[in-house]
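With the hints as constraints, model all of the structure from the sequences given.
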Amino acid sequence: MKALSQKRRHPLAAIALLLMGLLVTGGLYAVATTMNQAKASTTNFTEQDTEEGGKLFAANCATCHGMGAGGTQDGPSLVGVGAASVDFQVGTGRMPMQMNGPQAQEKPVQFNEEQTRQLAAYVASLGPGPSIPEAGLLDEKGNAAEGGELFRVNCAMCHNAAAAGGALTRGKYAPPLAGVSGQHIYEAMATGPQNMPVFNDANISPEGKRDIITYLKQIENNGSPGGADLGALGPVAEGLFVWIAGLGVIIAFTIWLTSRTS
Amino acid sequence: MGNHSDGSPNHSGTVATAGQNEVEKFQDPGLPPHRLRLADTDPRAAKRAERQVALLFGLSVVGTFIFLVAYFVIDLGEGSGATIADIRLQNALLGLGTAFAMLGIGTGIVHWAKALMPDHEVSEERHAVRYEEDRQAAVRIVDDIVEETGIKRRPLIRNTLLGAVALAPLPAIAIFGDLGPRPDKALAHTMWAPEDGKLKRLTRDPDGTPIKASDVTIGSAFHVIPEGLNELHEGKLNEKAKAVVLLMRLDPESLNPSPGREDWGYNGIVAYSKICTHVGCPVALYEQQTHHLLCPCHQSTFDLTKECKVIFGPASRPLPQLPIAVDDEGYLVATSDFNEPVGPSYWERDEHERSINS
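Quick mapping for you: the protein sequence lines, in order, are chains A and B. Position 112 of the first sequence, counting from 1, maps to 112 under my numbering, and the rest follow consecutively. Position 338 of the second sequence, counting from 1, maps to 1338 under my numbering, and the rest follow consecutively.
It is possible that some hints are incorrect.
Pairs of lysine-lysine residues, derived as PhoX-like cross-links and limited to a Cα-Cα distance of at most 25 angstroms, are as follows [as the list claims (entries may be wrong)]:
#	chain 1	residue 1	chain 2	residue 2
1	B	1185	B	1152
2	A	172	B	1185
3	B	1240	B	1198
4	B	1236	B	1198
5	A	107	A	172
6	B	1309	A	172
Cβ-Cβ distance ranges computed for the label pairs, FRET-style [what the hints assert, rightly or not]:
#	chain 1	residue 1	chain 2	residue 2	range
7	A	72	B	1231	47 to 57 angstroms
8	A	156	B	1054	49 to 59 angstroms
9	A	227	B	1057	55 to 65 angstroms
10	B	1110	A	28	45 to 55 angstroms
11	A	252	B	1135	46 to 56 angstroms
12	B	1119	A	156	55 to 65 angstroms
13	A	115	B	1089	40 to 50 angstroms
14	A	113	B	1085	25 to 35 angstroms
15	B	1231	A	227	18 to 28 angstroms
16	B	1061	A	156	25 to 35 angstroms
17	A	105	B	1297	25 to 35 angstroms
18	B	1198	A	115	24 to 34 angstroms
Keep in mind the hints are simulated off the structure, nothing from the lab. For glycine and all other residues, C-beta sits at the position ideal for the given N, C-alpha and C.
Following this line, the structure appears as structure tokens:
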């Protein structure tokens, strides 16, 4: 303990402490989020789910989507959007929307798992629509190579070849896909949230969607083969880095070369 | 010096007098006095600098070994089960090894020169720039060369040399010919033109399976290639680059087809060329609520509800529409080729467009 108390006056002590704190917070957060994901959802809704969901809907969603989810000027009708749509929009925090804007932003989730399920049950009862995918399609054990080809043809133009996201028109954007759960990726393809087109099962088969999720998880878990990817945003970020870091190193060497030795 | 804070005028006692009474003469300050370095006076410091230089050279040796070990020990060959993490590790070690190997030698030499090698200053006197004799000598040399080659006396040699030099660039011009041949009509037509009266089906990119009209639900976007493209052996990419199409379905009410184009779509399903009319990037960023199509290269934006009219950006023409219908089995087919050349402008484009529509 004596040695420790002496080292706390070391000039690097503050930095070490800060790093330790960040690591602990990050670790706890990671544990908490994986625990959230570990709870698998079921698609069998009971009548009580539907009833409870209806109450939640009336209290939280009906302002924009209308009583009975028929839609108003501020929000579209939800008849026939399916449970998958609710699970994606509410499960990623996009709904309820904070305010009207170019697109609904991802934000901390407002409803817990149980409430999301009840809302999904209610909306699914209004009309047939895409349902929450089965666990077998989300096992990330598809063909990553075929998933990669499908991704480059159908998704990469908006979401970036490295799935890092990209800009659309007038303030809208395609979000980055790293860290999005397989279930939400599947639901987004099936329902076409916001301005994303719908990729129904006739366009990309459920197996194709499973391949795409496998591919996305594979590139996410393997990381960039070339080291730091600088946001995978291409020449702007890379050029900025080279201009600042590369030129900085050259300037530092020049100063050293021309300085007098003591 | 007085107190500046109260703003009162002060006389510091110094007055500028330069150039008032005497011709100012710039004195050569000479070299600053030579300052000895630590290593020049202290043998221990010299020894330390020597060790530092040796350490830097040693670092270079280590770097070389890191490179060699990373190259030979990390096996990326087939059947080695190497993952991307292995590639990344090897790349990092190869880079670090090379960096240490090169920087170690470079910084070591510089440190050696700065700290240990003699550092006395030497001044060299300027030479006069040009002497008349030198100039005369150079002129004589040139004259001698011209005289000895005999180029003035032998016009045959002179003229053949001129001819050879004049013709020598011709091979380069011939090589430019390889930039051709001119595509001529190839740019004006795509694979969508019906073959032997058989209409081409719209098929999915990349697997080439045909698409039923009922598959295309509202809000869908399909990436489409023509039937038979995957079976091509030659020029497949060239054909694909011209024929790729984006298929979308929206509420038929929101489409506003101009007269003569009402039957180019089917129940709100429309197909447009994916090749931007600006410089030919693939326009595939479809927003299913605003019905905008965005080109990622220069942000040209096309409005699907107005027959892909340009609403923003540098493109000058709407995207060409592919007229589609449904065949007996319910599959989507192209009723004809595009009614104008797809993609960016080119020299003969107007001529080709007239001949397509005549």
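Going through the hints against the structure:
Of the supplied pair hints, the one linking residue 1185 of chain B and residue 1152 of chain B is violated, its CA atoms being roughly 55 angstroms apart against a limit of 25 angstroms. Using a Cα cut-off of 25 angstroms, the hinted pair residue 172 of chain A and residue 1185 of chain B is violated, with the two alpha carbons roughly 40 angstroms apart. For the suggested pair residue 1240 of chain B and residue 1198 of chain B, the alpha carbons sit about 19 angstroms apart, so the restraint of at most 25 angstroms is met. Between residue 1236 of chain B and residue 1198 of chain B the alpha-carbon distance is near 20 angstroms, which keeps this suggested pair within the 25 angstroms criterion.
Note on residue 107 of chain A and residue 172 of chain A: the hinted pairing holds, with a Cα-Cα distance of about 16 angstroms set against a maximum of 25 angstroms. With a CA separation close to 20 angstroms, the supplied pair residue 1309 of chain B and residue 172 of chain A stays within the 25 angstroms bound. Look at residue 72 of chain A against residue 1231 of chain B: about 51 angstroms separates their beta carbons, and that is inside 47 to 57 angstroms. Separation of residue 156 of chain A from residue 1054 of chain B is about 52 angstroms and conforms to the stated range, judged on CB atoms against 49 to 59 angstroms.
Taking the beta carbon of each, residue 227 of chain A and residue 1057 of chain B are about 28 angstroms apart, not inside 55 to 65 angstroms as hinted. Between residue 1110 of chain B and residue 28 of chain A the beta carbon distance is about 48 angstroms. The supplied range of 45 to 55 angstroms therefore holds. Taking the beta carbon of each, residue 252 of chain A and residue 1135 of chain B are about 47 angstroms apart, inside 46 to 56 angstroms as hinted. For the pair residue 1119 of chain B and residue 156 of chain A, the beta carbons lie near 59 angstroms from each other, so the given range of 55 to 65 angstroms is met.
A hinted range of 40 to 50 angstroms holds for the C-beta pair residue 115 of chain A and residue 1089 of chain B, which are about 45 angstroms apart. At about 34 angstroms, the beta-carbon gap between residue 113 of chain A and residue 1085 of chain B stays in the expected band of 25 to 35 angstroms. Restraint check, residue 1231 of chain B to residue 227 of chain A: a C-beta distance of roughly 41 angstroms breaks the suggested window 18 to 28 angstroms. Here the CB-CB span from residue 1061 of chain B to residue 156 of chain A is close to 45 angstroms, at odds with the stated 25 to 35 angstroms.
With their beta carbons about 27 angstroms apart, residue 105 of chain A and residue 1297 of chain B fall inside the hinted range of 25 to 35 angstroms. A C-beta distance of roughly 56 angstroms is found between residue 1198 of chain B and residue 115 of chain A, which places it outside the suggested range of 24 to 34 angstroms.
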